[in-house]
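Position chain H relative to chain R; hints supplied.
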Amino acid sequence: MGRHRSFSSVAAFALSVLVLGSLPNVDVNRLTKWIPVGTTLPFRSNVSTSNHSMDAIAVTAQASESAKRPSSPTPPAAAEQPAPGSAQAPGPAQGPAPSPAPAPQGLNPNSLWQTAKLRVRVIDGRSQQPLQGAEVVILETEQRVTTGRDGYTQWVDAPVFRNPRLRPLVAEIHGQLGVIAYKNGYRDSIHMGIRMHEGTQSETTVWMYKIGPGDDRIEPVLYEVPYHHLWLVELADRFRSKTQPGEGPERP
Amino acid sequence: MKKNWFLAIASVLLIGVSAPSTASAQITHTIANTSQPSVIRVAIRSLNPSGEGDPRGRIIWVQSVPFDQYCKDVLPNEWVPAWNFASLQAGAMAVKMFAWYHHLHPITIDGFTFDVDNTVNFQAFRYLSGQPETNAAFASIRKYAYVKPGGEIIELNYRAGYQDDPNWQYRNAQKMAQWGSQYWAQKGRSYVQILQFYYIDRTLTQIRS
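Residue numbers (this note's numbering), protein chains in the order written: chain R, 1233 to 1484; chain H, 75 to 283.
In silico SDA-like cross-links for lysine to any residue, where the CA-CA straight-line distance does not exceed 20 Å: (1) H:249 to R:1482; (2) R:1349 to H:206; (3) H:222 to H:245; (4) H:249 to R:1483; (5) H:249 to H:196; (6) H:249 to R:1481.
If you're looking for bench data, these hints aren't it; they were derived computationally from the structure. Quick caveat, the model's predicted, so the values are computed rather than measured.
So here's chain R without its partners, still in its complex pose (with noise of 0.2 Å):
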C-alpha cells in the first residue's frame, strides 16, 4: 500500500511538471491590467496585489487561469492599445513609463485600470431636446463635467472598470461604469452601466425630467444599460452542463 501511495505521488508530480511545462508563454502585460491593486487573488498562493510584487502575480495568475480555461478571457483587439492618456501603470516587461498619464481624480495613479473617452449627452425625456448646463458625475472617479449647448458634455477619460468577481470565470467583453446628471428643476437620473471598452471611443444619452406641479415625490431616475447579449450567450454556455443542457449550445 506504501508503495503504491509512494508510486502514485511520483506519477502525480511527474504529470504536475509535465502540465505545468505545457503551460503557454505567459503574457503579463495582457494579464495584469486586468486585477485590481489590493486584489487578494483566490489563486495558487493567495498573494495581494501590489506594485511590487506584479511578476509573481502575474505568472501564477496566468498559469491558474491556463489550468482552469484554455481558452482564457482574450480582451478585444484595440485593448492591446492603451487610450491617449491613458492611466494604466506600466507592465514589468515594459519597463518604467518616462511620464506616466495624468490620471482621473480619485483614482489611484499607480491603478492598473485602462482609460477610455467617454461622453455623455443629456436630453429631456419628454422633448427630446439637448439639456444645456447639465452637470454630470461619473460615480467611480467622481469626475464631474457640464454639458454644452448640444447637450454634450466634453470628452473625459473615464475608466474602464470589469467586474473582478467574474474576471476568473468569464471575460466581460465591456467595462461598466455609472453616471448621475443634475439639472435645477428636473430629477435627478441616474445611469448604470454604461458599456466602456479599451481605446474606443464611447458615448451615452440620459434622458431627465422635468419636475412637474403635481409631483409631489421626487426621487432619481434609474435606467441600466443590460449587458452585451453576446456575453450572456458566452456566459450561458460557460456554465451548461450535459445532463441539464437546456436550450443547448448555439447551433449554427
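Same frame as chain R, but now just chain H:
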C-alpha cells in the same frame, strides 16, 4: 337539368383559374425597383421584471425610427464597438440588409403592424445607443447593398458563434457568425471578404441614389 349543373361547375372552375393568385402577384424586391427605406417601424416589447428586453414580452407600441438611425442603434448592441473595423463594417451590412428585408415584409401581431421588434427576435435595438466607432462603420457601407446577383434583396442572417474560432459555415446555412467576423477581421480580411466567407452567391452593389 344535368347540363345546367355541368355549366355551373365549369364556370366556377373557370373563374377560379382565371383569378390572379396572391402568391403570383407578389413583387420580387430588387435593388433596381426598391429604394433604401427612410423609416422603419420597430415594435417595442415590454421589459422583463429586471429591466431587460423580453423577446416574449407584449408589444407596447410601435416606434417609427429613421432607417439609418435604427441601424446605428442596433450595431453596438449586436457587434462590439471595440472590435476591428472590418468586423463592424460586415456587421453594419448584415444589420442593414436584415432590416431592409423585414421592412419589405412587415408582420402583424396583436393588432400591431411592424417591420422588426427591439429584441433578439429580430435585432437588439436600444434607442439612441449609437457609438462613434459603429456609426463610422455604418457610414462607410451606407451606399452599398449585399444582394443576390440578380439584385434581389434578401435577409442577411447572423448568429453569435464562438470566440477565437473561424466559425465555418454549416451546410450552407448562410449565417454569419458575429465572433467569426471578428476572428477574420483580426486575420486581416476586409469586410467584403468576411461577407463572402459566410454568404454564398451574393454580390456587393452600389445603391441607386
